[in-house]
Amino acid sequence: MDISFNQSLPKTGSLRAGRERFAFLKRDHFRRNLTWFLMALPALVWIFVFKYLTLFGVWIAFTNYKVRRGVFGSEFVGLDNFRFLFATDTALRATFNTIGLNLLFIAGGTIAALFLAWLLYEIYASKLTKYYQTMLLLPRFISWVVVGYFVYALLATDNGLINMFLRSIGLPPIQWYNSPQYWSGILLLVSLWSGMGISSLIYLSGMLAIDVQLFESARIDGANKWQQFKYVVFPMILPLVVINLLLSTAYILNADFGLFFQVTRNQPLLYPTTDVLDTYIYRSLIVTQNVSMAAAAQFYQSIVGFVLVIVFNWIVRRIERADEPLSLF
Amino acid sequence: MDTDRLMNWIGRFSIHLVVLILGLCCLIPLLLILSASFTDEIALTRSGYSLIPSQFSTSAYEMIFRSPQAIVRAYAVSIFTTVVGTIIAVFIMSMLGYALSRPTFVLRKPLSLFVFFTMLFNGGLVPYYILMTQYLRVQDTIFALMLPYFVVVYYVLILRTYFAALPGELIDAARVDGAGEFRIFLTIALPLAKPALATIALFTALNYWNDWTTALYFIRDPQLYPLQYLLYIIQSNAQAMQLQSGVGVNLGEVPTQTTRMAMAVLATGPAALFFLFFQRYLVRGVTLGAFK
Amino acid sequence: MAKGFSRRDFLKGMGIAAAAGGVSLTGLTRLAKASPSRFQDLPRLVYIYPGAPQPDVQRVQDALSEYMAERIGATIELRALDWGVYNDQIGLINASAEVYDLAFTAPWINNYYNNVNQEYLVPLQDLLPSLAPSYWASMTPATWEAARVAGGIYGGINQQIFVKPFGPYIRTDILEAVGLGDEFANLTSYEDLEPLMAAIKEYVDQDDTLTHVTYNLSPLNVAENWGFDPQDALLVVRSTDENAQVLIYPQTDEFRQASELIRRWYQAGYAPQDVAQWGEMDAAWTAGQYAVRVSDIVKPGGNAETEARWGWAVASKAIAEPLLTTGSVTATLNGISSTSANPELAVRYLELVNTDPVFFNTLCKGLEGVHWEWADQDQLLVRPANGAASFGDTGYNPNTDWMFGNVFNSYYTDPTQVGAWPQTAELNRNARPSPVLGFTFDRTPVETEIASISAVRTEFGDPLGSGVVDVDEGLARLNQALLDAGIERVRDEMQRQIDAWKSA
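Chains as they are written, first to last, in the numbering used here: chain A, 1 to 329; chain B, 1 to 292; chain C, 1 to 504.
Take the hints with a grain of salt, since some may be wrong.
What the hints assert, rightly or not - Taking CB as the label site, the calculated pair distances span:
(1) A:Arg31 / B:Ser67: 56 to 62 Å
(2) A:Leu238 / B:Arg183: 27 to 33 Å
(3) C:Gly151 / A:Phe96: 39 to 45 Å
(4) B:Trp9 / C:Asp208: 21 to 27 Å
(5) A:Ile162 / B:Asp2: 42 to 48 Å
None of these hints come from the bench; they were simulated from the model. Ideal Cβ placement from N, Cα and C applies to all residues, glycine included.
The whole structure should be built from the sequences, with the hints applied where relevant.
Following this line, the structure appears as structure tokens:
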């Protein structure tokens, strides 16, 4: 696919020249690599210092950690600290809920963000769009505690807005906070409401980079909006979609604690569908505050994500086209 | 032709309508927060949220603005960290993202893995705290608030994807013209990636703006409290005061729910205004000409 | 955190014991004119505790330092960390071995048992008797034993209310309106409350502001209400059982009966049917939406305190038997850091703050004539100085006397409170000691089970405690979940430890 940008850069002569392979480019191979490495260096140093130098902390998960004895001086206990993550049905349910809800959020979130980005792209020339975008970003600033109040104001049994509406049209009110079956949907809606504005930005900025001439030619060929999206927009932002999906997979066992704790008001009757690993871990360790078990939980979340990403990355590599790499590494 | 135009107009109109409705869904809760923050605490409990305060009161703001200098200073700290931190972070991350996006970079794959690995595994709070306070010794400085978000691996990998999609022809052409790699990055890659940079800058800025845990760990000096942390402290102290208030100390009126709403207003308002401005400024360069 | 707050609930608004004697009040004049520069060479003790910033803290600190310098040859630095961050910050300070001398610790904040387990604190059982003899003698050996963990006493206990006599609070205006004052005063059990609740329900239905009789049916969670001393993980010991047999609380008859009572109340509509609403209990009380708080701590001065806090005059009646338990005695402690360079001086500080009313009240209320003044010195009653409307406006009012030391030395701040300290001391004295007073469970061998039990008890226990589920069904599920989580292993381990503790 021919990619070019509407820029004020020279388009004809030098571009055509650039398509040919010049011998001196190879000669400069080393120098270029050196420059790239130096450019990468500040961030690499940061990553090394902040992430790798502190990595020894992972070992805490395998010890009965005593601060004064140090990470490696503490007693090694093997996988003992991991037992509470698998010991009961409740624990296993937390893992399954996390995976299920995350798959739902990833699918729903991606589709919604793509859709919204496409809508915004279609009206990007309008002066109103930036106001829309600002509005759509607002929920990001509201803490989950406050979101929890609002969801409650909507769903409360006695004087919640939704139940008042149901009553006014002659339907029986629903005790939302006693009815776990509705909560996958409710949490999906709340998370879309909160995150859609910002996650659509990634795709929108990808769309803004597409050459409008592609649309012109598609229109001349009689493509409707859906076909334009399918054949022009989607292939162009596919790398972004894939990388986002891959990175989301990495967090498959992590859940946004505030969403699941505050928005459900931590109602026990809702746990069957809303209890995720992060809330389960919180409830388990609030009493003992065991550092080693907390580290074990974190390690569990990380290692599963890591393995999944390696697997999916391998699959992506098998199906990607050589000239259009999509994989992480 | 005219029907085409009409259809086009209807199409656009319906898109505006859909987006407007979605936008209002996001805006109305904020208006309710604004109204609730100006409502009397007891009235709020009795009659719930409404777009107009059922009983007007400024006691939540009085509670927060007991020491106005502290709030003003906290705004200054937050704005400084957000602006300077975001500029540095986006620059550092885009350099790494760009290098990792170069197909002929020999270290591309190993370094990608080196970077990605840290997205998932980290040593937890205690090693991080010891690193910051005993080796880097940045506690109680403004750097402590900026350092932690200089690199977010997720954003680096997104940036890498954007840069990889840039047309290789332009870069090859610049090389033919004798430009060095760093200059190519500065003069070609960065301007082309403006929408991406703007997006990542916004994400980073949001991280800085909303962050209060970093201050919790590393800042004891009230002069360096960022806004969100100061608001959190005010809130928690108000709650504690209410719980401890004994006889002879009339604190029964300490507003808690309305204070929380007022805090949301104070934290969101300026950031939203800033975004309005920021958005227009950054995306313009690229999209001019793209839309006729 | 919520757990912390509820625990803190019974520790507020205190005055002083008449037994304050010993130290002359003239020391106070000397306190006022402090010049800290003279003491720069003396060791300085750093005391870390939770509290909101106080504008005049430096003045108070200087005055305290001068007073201390003369008596124990050290000065003090008051380092208050904000309430909401205290737990995290002190945790990091400890974990990174930062140097300090004293810190507030308790089972509910800056967890005492974890601090002992992590070796953050200095053992005091040998230092206290020699360096703080009056303080050591001011409490019975049994009381001190309650703070013993893993063979050592790692915290100085603050003398305050040690018993937790739970019972209902009711708004007096409504009590008068329904004309059941005598019935309320003669309550002996929660069952007795039923006719009262029914009468109030009729009243509530006709009133516009009131929406419910009560907002939260809490008594099930408080095992003291039903004659038990609660231990870890839903295990209890009957307060009258000298053999100290460990029982699984939900398997007891009392638990079933209490669950049934609460279920009846719930079905009668005494509390909001939507349990999610119960979290707004405090806001709804302040807004005057309900009449009864079913189970709070009833204590001397408690009614006045509740009225000051929430704005409604109340009557209260204790139902739970006053019981002295390990948990209630260790609710407020001050520990000495293992990073301290001067642990002996820190112990002498504990002696001073717990036995010297002048020093203690300066720490609690600030300087006489600046922050407070005598309203009635014979009654030890004080008021805000210089006509300030409240203590909150004086520039120094941490208002956490119970955190700093012996609250029986605290000056009264409200006329209705006068005499509360001797009454409290009396309550403590007459309280029955739990058969396991002084026993502390070592969780280490059953950490996994404790974690699993913590996770399931909310899910299956809370619905019983709120009455939203059928008792037979709910109880069966709770007990099954607890068995799956390994509660029997925890019970057996605890029984083993208690038996060993008793024979020691």
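Here's how the hints hold up against the structure:
1. A:Arg31 / B:Ser67: 56 to 62 Å: Distance hint for A:Arg31, B:Ser67 holds at roughly 57 Å.
2. A:Leu238 / B:Arg183: 27 to 33 Å: 31 Å, holds
3. C:Gly151 / A:Phe96: 39 to 45 Å: Given about 44 Å between the Cβ atoms, the range holds.
4. B:Trp9 / C:Asp208: 21 to 27 Å: 54 Å, violated
5. A:Ile162 / B:Asp2: 42 to 48 Å: At 45 Å between Cβs, range holds.
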